[in-house]
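**Q** Just so you know, the sequences run in chain order A and B. With the working numbering applied, the first sequence has no gaps in its numbers, which climb one by one up to 373 at the end. With the working numbering applied, the second sequence has no gaps in its numbers, which climb one by one up to 373 at the end.
Just so you know, the hints here were simulated from the structure itself, not pulled from any lab data. Please note: incorrect hints may appear among the correct ones.
Identical chains share a label here; the pair holds if one copy fits it or two copies do between them.
[What the hints assert, rightly or not] DSSO-like cross-link-like pairs, simulated, lysine-lysine; straight-line CA separation at most 30 Å:
#1 Lys-54 to Lys-321
#2 Lys-10 to Lys-363
#3 Lys-321 to Lys-128
#4 Lys-360 to Lys-321
#5 Lys-360 to Lys-240
Chain by chain, the residues run as shown.
There are 2 protein chains.
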Amino acid sequence: MPIKWNITAKDGQARTGELRTPRGIVETPVFMPVGTQATVKSMSPEELQEMGVKIILSNTYHLYLRPGVDIIARAGGLHRFMHWELPILTDSGGFQVFSLSSMRDVSEEGVTFRSHIDGSTHFFTPEKAVEIQNILGAEIIMPLDHVVPYPCSYEEARDAMERSVRWAGRCREKHQKTGRQALFAIVQGGIYRDLREACCRELAAADYPGYAVGGLSVGEPKDIMYRVLETTVPLLPEEKPRYLMGVGSPDALLEGVVRGVDLFDCVLPTRIARNGRVMVKEGYLTLRNAQYSRDVRPVDPGCPCYTCRNYSRAYIRHLLKADEILGLRLTTYHNLYFLTDFMFRIRSAIREQRFKHFYKSFKAGFSTAGQNN
Amino acid sequence: MPIKWNITAKDGQARTGELRTPRGIVETPVFMPVGTQATVKSMSPEELQEMGVKIILSNTYHLYLRPGVDIIARAGGLHRFMHWELPILTDSGGFQVFSLSSMRDVSEEGVTFRSHIDGSTHFFTPEKAVEIQNILGAEIIMPLDHVVPYPCSYEEARDAMERSVRWAGRCREKHQKTGRQALFAIVQGGIYRDLREACCRELAAADYPGYAVGGLSVGEPKDIMYRVLETTVPLLPEEKPRYLMGVGSPDALLEGVVRGVDLFDCVLPTRIARNGRVMVKEGYLTLRNAQYSRDVRPVDPGCPCYTCRNYSRAYIRHLLKADEILGLRLTTYHNLYFLTDFMFRIRSAIREQRFKHFYKSFKAGFSTAGQNN
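This is chain A alone, in the form it adopts within the complex (with noise of 0.2 Å):
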């Protein structure tokens, strides 16, 4: 079965579609939780699968340095390893190469760079990654990109875009299992509109199996990021699936499905967890505050998942402020199940044409306060 990705329903620029996979069909738009070092941090795999997550995104980056390719390949690839049976996205180590590493030398060939892990220094090339993706045998793949910081110049962005674009072709050329793994390609070129749509207009032209927004969430305001959007996202394939890297807040992923975005991922619904912030319809509550400690309503009153089934703020709270892991795996839990159950109450928005008032009820009643803390 080949991987294939199609509309269902379109309302605005807004869509859901079905990505079918050798290892099940998932429905856009999606959330894809982020399992860096080939675990989704402080969940089980049936945990996932119990709150309806279909899809998973590991890192290449990551996997690469530790445990190390070899060991996997060895376990049987990603999915066996880390027993996740349903589809995974592996990004190609791009983004982590540029923002984690502590040096980097990037020529036409490669980029060489040091790990964040011991300091070692590695060489990847396009070629190579996807080689080390094969390997992992995630069902999407990414190609090698030179990804730039905000800010950056004109032309630094427009050189690093044009290598990107040099280099998604060789990721092409390297990759032969099109049938079991869809490589995608990814914009970049800045904030920079005329760099973005060269970028878009070339990739497009190779017809890639889908296409990626990448450069984006590195720090710039949230505004330029839905510009950038708008200017992109038109001039890719309307047929195929469009994944805009490292976004996850809800307002965010809002943001993207209006202006025709399918795929999301973003550490931020764990990460926050860890930090014992948990989001509710109306934004974010930080469950160490003091407030919280005699609190015994649920997270979420209004909830149905496992957390807010069985557990109170204030025992919540407590688990926290004790160091017991349980609290993080809670709050994790709850964290995922928002925004899994949103990216559903968006399809669903989507095919009974009402997306539109979804939209801004959602928007005004939810508030992005302490959303970066």
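Starting from the known structure of chain A, fit chain B onto it as the hints suggest.
**A** The following block gives chain B in isolation, referenced to the frame of chain A:
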């Protein structure tokens, strides 16, 4: 339904029994996982039940200091607070006051101590220990006792033992909910035979619903612990359950059972799990060691637990090295499953009159090397 224990089979000094409580029946001999701060570290209540755990222990000292008894009362008691529906045993705080707090000052009235968390000063009396445990609501509660370290002079051990007996009497005086909570007695007396014997005689005459052997597993050599057990247990009423506090290594559990002990608790299986150590029938494996990095076998190839059914040693080692919470969850799950299953097999062996054989054959195959790491 009052709390009641009765013997169901005997094989030498070893016996099986049923502890009947308003929250279900617990078959003995049983190992109780420790949920010090109202959570068995890294586990959910569902996971404990799935592996067959029927009773857990929690700590009055810790819960009194954090989150505080008023919050647990407000939440409807300890069971509801922590979402654990089955029986609980709470200890009195005696052991923690004497082992954890930075200062303690004992008088006949009670003990003044400083919190190990924030240095605040607190005063526990036998009556207060019962009051707190009445609010927590465990099925089995313990009297405040004066625990002495090892080594300890005869005079110190004698004074502490005599005080513990008087305090036990005051606890019983205070305790009213005898139908819903069974107040056990605790035998003290250090390593001194005549003190242990005197303590047993006094407490046995007072007819408590169960008897704990306290003040052991506090650093003394194991053969001393076994010798004390041998002189203590035969003086306790045959028809009452006996609880050896702080013991949880497989070899010591066996030695306790063969000497007529029915209940055990210990942090060992959960604590070593967090250091990456797991129990198998041959002894202990340190999964963080490099030798497991490419080992795709389960932790224990013959074990049917969740961890062993789904994950390899190589994956768990990777998680532990990468500081991933799932690593601790999987090792903890396996260790608690191991002990729960171990006690199940002990009970079967006793019922089938083949405990001596089970004892010898397990001991012959099990190495205690590295047990205390």
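**Q** How do Lys-360 and Lys-321 come out at 30 Å by Cα distance, when the copy is not named: within, between, both, or neither?
**A** neither (37 Å within a copy, 45 Å between copies)
**Q** Within, between, both or neither: how does the pair Lys-54, Lys-321 come out at a Cα-Cα threshold of 30 Å?
**A** Cα proximity of Lys-54 and Lys-321: across copies only (27 Å, versus 32 Å in one copy).
**Q** For Lys-360 and Lys-240, with the copy left unspecified, which applies at a CA distance of at most 30 Å: within, between, both, or neither?
**A** Cα proximity of Lys-360 and Lys-240: one copy only (27 Å, versus 67 Å across).
**Q** Given a CA cutoff of 30 Å, do Lys-321 and Lys-128 count as a within-copy pair, a between-copy pair, both, or neither?
**A** between (44 Å within a copy, 25 Å between copies)
**Q** Is the C-alpha distance from Lys-10 to Lys-363 at most 30 Å within one copy, between copies, in both cases, or in neither?
**A** Classified as within: same-chain Cα gap 21 Å, cross-chain 68 Å, threshold 30 Å.
In this structure, only the earlier hint numbered 4 is contradicted, and the remaining ones agree with it.
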